[in-house]
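Asks: Taking the working numbering, the leading residue of the sequence shown gets 38, the next gets one more, and so forth.
In case anyone wonders, no lab produced these hints; they're calculated from the structure.
Honestly, I wouldn't trust all of these hints.
As the list claims (entries may be wrong) - No more than 25 Å apart at the CA atoms, straight line, and that leaves these computed lysine to any residue pairs for SDA-like:
1) K55 x I127
2) K55 x I68
3) K81 x L61
4) K151 x E131
5) K151 x L61
6) K55 x D67
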Amino acid sequence: MDNCLFCRIVRGEIPSRKVYEDDLVYAFHDINPARPVHILVIPKHHIASLAEVGVADEPALGRVLAVAHRLASENGSPDGCRVIINSGRIGQQEVPHLHAHVVGGSDPVGPMLKRN
Numbered sequence: 038m039d040n041c042l043f044c045r046i047v048r049g050e051i052p053s054r055k056v057y058e059d060d061l062v063y064a065f066h067d068i069n070p071a072r073p074v075h076i077l078v079i080p081k082h083h084i085a086s087l088a089e090v091g092v093a094d095e096p097a098l099g100r101v102l103a104v105a106h107r108l109a110s111e112n113g114s115p116d117g118c119r120v121i122i123n124s125g126r127i128g129q130q131e132v133p134h135l136h137a138h139v140v141g142g143s144d145p146v147g148p149m150l151k152r153n
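I would like the entire structure built from these sequences, with the hints used as guidance.
Replies: Right under this line is the structure:
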């Protein structure tokens, strides 16, 4: 997709601090990290959100999840991480290109959601 922020990063049109790349996925440090370790892992081809995932996209989505813990461990979070995929408006997805936030560090991440 021509104007998609993450597609432009994959194409090298926008700089990023890459931590991993293979034929299916690209991973880079978040520009505004929420934790000491905050990596975004994205499919290299455009998938708008989880709602758009088709059978042909499953290998890329699987790879996103498969590399998450290793990338966290290699980048300063060897004792675990949290992997978050926001999807759509209710999920507060900000960039319309499927991506996983891999967050961690030396301290526990904290509760997943605030409970009412």
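Asks: Next step is simple, just say for each hint if it's right about the structure.
Replies: To see whether the hints hold, each was checked on the structure:
1. K55 x I127: violated, 29 Å
2. K55 x I68: Answer holds: K55 to I68 is near 11 Å, not above 25 Å.
3. K81 x L61: Holds - the C-alpha atoms of L61 and K81 are around 6 Å apart, at most 25 Å.
4. K151 x E131: The given pair, whose Cα atoms are some 20 Å apart, holds under the 25 Å limit.
5. K151 x L61: violated, 34 Å
6. K55 x D67: holds, 10 Å
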